[in-house]
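Kindly generate the complete structure, drawing on both the sequences and the hints.
Below, each chain spelled out in residue letters.
Protein chains: 2
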Amino acid sequence: MDTVITKKKHNFFAGPAILPASVLEQATAATKDFAGMGLSILEISHRSAPFVAVLNEAVSLTKELLGLDDRFEVLFLTGGASSQFYMAPMNLLPSTGTACYSDTGTWSAKAIKEAGLFGNCNVVASSKESSYKFIPKNYDIPKDTTYLHLTSNNTVFGTQHQVFPDTNVPLVCDMSSDIFSRPIDINKFGMIYCGAQKNMGPAGVTLVIVRKDMLNKVDRTIPTMLDYNTHIKKDSAFNTPPVFPIYVSMLTMRWVKENGGVAAMAVKNEEKAQLLYNEIDSNPLFEGTTAIEDRSRMNVTFVMKDPELEPVFLEACTAAGCMGIKGHRSVGGFRASIYNAMPKESVQVLVDVMKDFANQNV
Amino acid sequence: MDTVITKKKHNFFAGPAILPASVLEQATAATKDFAGMGLSILEISHRSAPFVAVLNEAVSLTKELLGLDDRFEVLFLTGGASSQFYMAPMNLLPSTGTACYSDTGTWSAKAIKEAGLFGNCNVVASSKESSYKFIPKNYDIPKDTTYLHLTSNNTVFGTQHQVFPDTNVPLVCDMSSDIFSRPIDINKFGMIYCGAQKNMGPAGVTLVIVRKDMLNKVDRTIPTMLDYNTHIKKDSAFNTPPVFPIYVSMLTMRWVKENGGVAAMAVKNEEKAQLLYNEIDSNPLFEGTTAIEDRSRMNVTFVMKDPELEPVFLEACTAAGCMGIKGHRSVGGFRASIYNAMPKESVQVLVDVMKDFANQNV
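The listed protein sequences correspond, in order, to chains A and B. With the numbering used here as the guide, the letters of the first sequence map in order to residues 5 to 366. With the numbering used here as the guide, the letters of the second sequence map in order to residues 5 to 366.
FYI, nobody ran anything at the bench for these hints, they're computed from the structure. No false leads were mixed into what you were given.
In silico SDA-like pairs for lysine to any residue, Cα to Cα no more than 25 Å straight-line:
| id | chain 1 | residue 1 | chain 2 | residue 2 |
| --- | --- | --- | --- | --- |
| 1 | B | Lys117 | A | Ile236 |
| 2 | A | Lys237 | A | Glu68 |
| 3 | B | Lys13 | B | Phe361 |
| 4 | A | Lys221 | B | Leu121 |
| 5 | B | Lys114 | A | Asn233 |
| 6 | B | Lys330 | A | Ala53 |
| 7 | A | Lys13 | B | Val56 |
| 8 | B | Lys359 | B | Leu313 |
| 9 | A | Lys132 | A | Gly120 |
| 10 | A | Lys330 | B | Asn60 |
| 11 | B | Lys309 | B | Ile296 |
| 12 | A | Lys36 | B | Asp37 |
Short derived list, chain A residues pointing at chain B, Cβ under 7 Å:
| id | residue |
| --- | --- |
| 13 | Thr32 |
| 14 | Glu47 |
| 15 | Ser49 |
| 16 | Glu118 |
| 17 | Met229 |
All values reported here derive from a predicted model rather than from experimental measurement. Ideal Cβ positions, reconstructed from N, Cα and C, are used throughout, including at glycine.
What follows is the structure, given as structure tokens:
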């Protein structure tokens, strides 16, 4: 028997990413028979009462977990965060208005590119010249800015806003890789969006949270499907929503709630991250790639001091069942994604591989 | 025990709709462990080799089943057919160009509304004044038309193009509810699109087939995610695609192929439709709602001559395990959707309910 195949797998993929085992069990059960209907969830109408209940629960769990009040609308759309890069300015930024952007990585840069199609896009901060190793801070936001766009966690580079800036301007924030991972002060945000496939569910659904007073300030013509108002009026069911991805996302939110909510997630995420960063900092073979104060609790990036050892270490990880450790192609090295659903035990397995590898190679 | 709950269910939902039993079994298995990876398909990277193989197979099966040659690109996107209502003219119709539309129902009308945002939208045919009971034929297409847009099957009203018009203009066709249900002459088409959730798979993925020479004729600025070229260049993986909906769609296409391809589907679909239409025509209680020559083989719409009996008949259907029979809210009466995956035996169950009901009520 091949031990690589039979060993328990530890899922460090950056996204689509690990989901809680109990969520996967319920998702599997629903593909056989959903809600006692005698039909699979894959073949039922989105207007059937059991699915309408799922959609409503997904909205209410989002509000409860993030502490949203009635100022906010919650939508479940498709197209990923990549579609919000243009839909946010299309819906929120007047042609003569200015949006400020902080360029903290690959995804910020893509958002900046799209914003320029709709209004003035003012890049007020950037760590691009430093290979995105840190999160810029203490920059000025000009008056009359419509919003400040941030990427809360940079999946590729492994940096994260530990604190969101204090400003009078509403934040529009891509939280694709750290939604539901910690408490946030919702009063700072005019809009939050995320692709599901890191901390919220499987690929195929996009969460959009928008404060109502951000809307209806543009006069451009917007195709029906791209207008947030369309989906608000129809409770995310103007057209057929992605039924199964929404269901699994709802199950994952239930799991977050049952496990203490986002505050409890933050405690566990901090423990897991410190376990791994401590090993990176104390192990003679490894080093982190980002500014220590901006280290992501979701995506831990590191390299080996001797790059020639990297393929050998990757093999050792694979042999131990650690999957998805290879760094993003644009950065190299390693990236361990340790989202909400990642058990501390799996992080310990990786840490043990690092320790063993040092014992054998130092 | 309640017989409604325990009886085998016959899924007549209009969409999301019935999927083949063997596809549901494989989908369920993959939510536990996909391709021997030791992980669920819901939590694996879209760049992992097993999923890249799925995406490639979905493209090649689409080409094989529909007889597409190298003139065509095949994309798996999101946003449903509703998003193609604006993406098609955005990508294909120059601002000074004219597209012709045939208005054959709810979805055609929505497509017409969006096309007008991008160029001249010329509605060359319509059955709106006749409550969309038939498919208009023998209309003129002006010279210099960029494309003629059709809805091949009208899910709400139960009509279907049995023949596509002969014209020198390329057809752009919404085939959401009859893709893979019959052979088509691909030479007539410049673009075909469909939401998956009727004949192709679960909700959450959209198939777009576009002939290359239709592209690059517009000079408007298109956001990156809305440009077909973006997704062509990246083989539908520019951003994270909807992994699971694509997987289940691929399984469904495999099932179509294993069961004889679209020609064999057409034979079975014709048999099922005739079985049901024969009962509607011969049963004294029922009548069809559309022109006989335009009757859909996918969505069979009918009413009762005595509308007061309709709720009683609906109860009889439910008691027999027939689900999703109630007509669309805009039409009333009944609609039995009998897509590829619907077994003839289930249609027979519905026919038997109709016969029994007539015996008891005439």
